[in-house]
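Peer 1: Chain residues, written in single-letter form:
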Amino acid sequence: MSGKVSLHYFNGRGKMESIRWLLTVAEVEFDEFHLTTRDQYQKLLDDGSLMFQQVPLVEIDGMKLVQTKAILHYIAEKYNLYGKDIKERVMINMYSEGLMDLMEMMMILPFVSDTKPKLDNILTKANERYLPVFEKALSGSVYLVGGKLSLADVLLLECTLMLEEKFPAILAEFPNTKAFQGRMSRIPAISRFLQPGSKRKPQPDEHYKKTVMEVFNLTTLNL
Amino acid sequence: MSEKVILHYFNARGKMESIRWLLTVAEVEFDEVYLTTRDQYLKLLDDGSLMFQQVPMVEIDGMKLVQTKAILHYIAEKYSLYGKDIKERVMINMYSEGLMDLMEMIMIHAFVSGTKAKLDDILTKAKERYLPVYEKALSGPVYLVGGKLSLADVQLLECTLMLEEKFPAILADFPNTKAFQGRMSQIPSISRFLQPGSKRKPQPDEKIKKTVMETFLTFIVIS
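Chains as they are written, first to last, in UniProt numbering: chain A, 1 to 223; chain B, 1 to 223.
Treat each hint with caution, since some may be false.
Claimed, not checked - EDC-like, lysine to aspartate or glutamate: derived pairs with alpha carbons at most 20 Å apart: (1) Lys69(A) x Asp101(B); (2) Lys87(A) x Glu104(B); (3) Lys125(A) x Asp101(A); (4) Lys84(B) x Asp101(A); (5) Lys64(B) x Asp85(B); (6) Lys15(B) x Glu104(B); (7) Lys78(B) x Glu77(A); (8) Lys166(A) x Glu214(A); (9) Lys136(B) x Asp47(A); (10) Lys78(A) x Asp61(A); (11) Lys78(A) x Glu3(B); (12) Lys69(A) x Glu3(B).
Unchecked claim - If you want a taste of the chain B side facing chain A, the calculated C-beta under 8 Å gives, among others: (13) Leu65; (14) Val66; (15) Gln67; (16) Lys69; (17) Tyr74; (18) Ser80; (19) Glu88; (20) Asn93; (21) Met94; (22) Ile190.
Quick caveat, the hints were computed from the structure, so don't treat them as lab data. Ideal Cβ placement from N, Cα and C applies to all residues, glycine included.
Chain A on its own, in the form it takes in the complex:
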């Protein structure tokens, strides 16, 4: 039984964006419920929809899934984007976890008062810790793991696009990764996702930050 897939989150990227990317690549249609007020959040809580009182929440296959990584692994496994065996899976997971660490650094930027040192750190880490790994993995390979599209490839694309928004020339030193980006962008589902009017969310702005703080009743985020 294939029911509708519904996403519950803010009208912004945050932790839900990787899930939007993965569903898109898997060619799974989804609806979105955007959290705009505290009352809506309170209702989700009162309904018992949020296992740990947190979003993202994804309604899929009769379940209410929370925890970004649990959701990503479910979708990846269901739609064959998760390798063919345990060894491929651990490679996909190592790459994915690294990429999610890097993307998290960028995700928190709207909530940080002094962004310059954070941006410097992101650039250094990207150039020295993360991009070299993927550059090496892609010398000779079309995809990161097992010669087949996986969760890791989707996250690498998402991450490199996010990096270029902050540091436009960052892939100049990483030609394999740039070429990978080009190949991935031509996949029809991805190409459509990159067009205006798709479900891809724009970079976060003041309005997004304000909404998050209000919905969660936060005066400060200890970041």
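Mind docking chain B on chain A? Use the hints.
Peer 2: Relative to chain A, chain B alone:
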């Protein structure tokens, strides 16, 4: 071919402790190589042993695995502690991710100042956000998912023991969870792990904090 499993980390709990727990429950023997100086860390880096320049690193089955969650999922899947199908796996992952969020709060708490506020927050989150979920899941079932021991059960045990070290009476209001703890502690490999002299690490102290800071040349441990 079953080679030796070797853990590379500080002589402390940190992010490696969940891995120690899981290997123990899976009855997999392992050796440990402790990081005590910056030079050792630099050697691991120069050897190319750390995919993202980070520990934990686990040598297993001819691979050098990094990223705690990638490692945990590899071990869980290999030793049949990861459910029997995709739906059980997503339940295990949701429970597991929640527990790791909570344990991470406790882990960070050891390294930051202003400890009182953080401790109160941990207690509140444990009692209001996390423990009720497991209490409910364990009313009736012996294990969290699918009537069988899994990664989620191991982490729930680890987490509740960590909580009791900070808040001795915390499980008074959570009888199912307390009973679960009792049952788990009677499993022979776990019972041995809880004895003095086992590979279980003690709570972090000033010495370990100093070693970590010196190894990474940092004043801020969690970046």
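Peer 1: Given the hinted pair Lys78(A) and Glu3(B), is their Cα-Cα distance within 20 Å?
Peer 2: Between Lys78(A) and Glu3(B) the Cα gap is close to 32 Å, so the pair fails against 20 Å, i.e. violated.
Peer 1: Can you confirm whether the C-alpha distance between Lys69(A) and Glu3(B) stays at or below 20 Å?
Peer 2: 30 Å, violated
Peer 1: Quick check on Gln67(B) please, does its C-beta sit within 8 Å of some C-beta on chain A?
Peer 2: 4 Å, holds
Peer 1: Under 8 Å, Cβ to Cβ, is where Met94(B) needs to be relative to chain A, so tell me if that hint holds or is violated.
Peer 2: Constraint on Met94(B) satisfied, holds at 5 Å.
Peer 1: For the hint on Ile190(B), just tell me whether its beta-carbon gets within less than 8 Å of chain A.
Peer 2: 24 Å, violated
Peer 1: Hold the hint about Val66(B) up to the distance rule: shortest CB distance to chain A must be less than 8 Å.
Peer 2: Since the shortest Cβ distance to chain A is 6 Å, the answer is holds.
Peer 1: When the nearest CB of chain A is found for Asn93(B), is that gap smaller than 8 Å?
Peer 2: Hint on Asn93(B): holds, closest Cβ of chain A at ~4 Å, below 8 Å.
Peer 1: With a cut-off of 8 Å on the beta carbons, see whether Tyr74(B) makes it to chain A.
Peer 2: 4 Å, holds
Peer 1: Given the proposed pairing of Lys87(A) with Glu104(B), does the C-alpha separation stay at or below 20 Å?
Peer 2: 27 Å, violated
Peer 1: With a cut-off of 8 Å, does the beta carbon of Ser80(B) approach a beta carbon of chain A closely enough for the hint to hold?
Peer 2: Result: violated, 12 Å to nearest chain A Cβ.
Peer 1: Answer holds if the nearest beta-carbon of chain A is closer than 8 Å to that of Leu65(B); otherwise answer violated.
Peer 2: Given a least distance of 6 Å, the restraint on Leu65(B) holds.
Peer 1: For the pair supplied as a hint, Lys125(A) and Asp101(A), confirm whether the alpha-carbon distance does not exceed 20 Å.
Peer 2: 10 Å, holds
Going down the numbered hints, you'll see the structure goes against 2, 4, 5, 8, 11, 12, 18, 19, 22, while the others check out.
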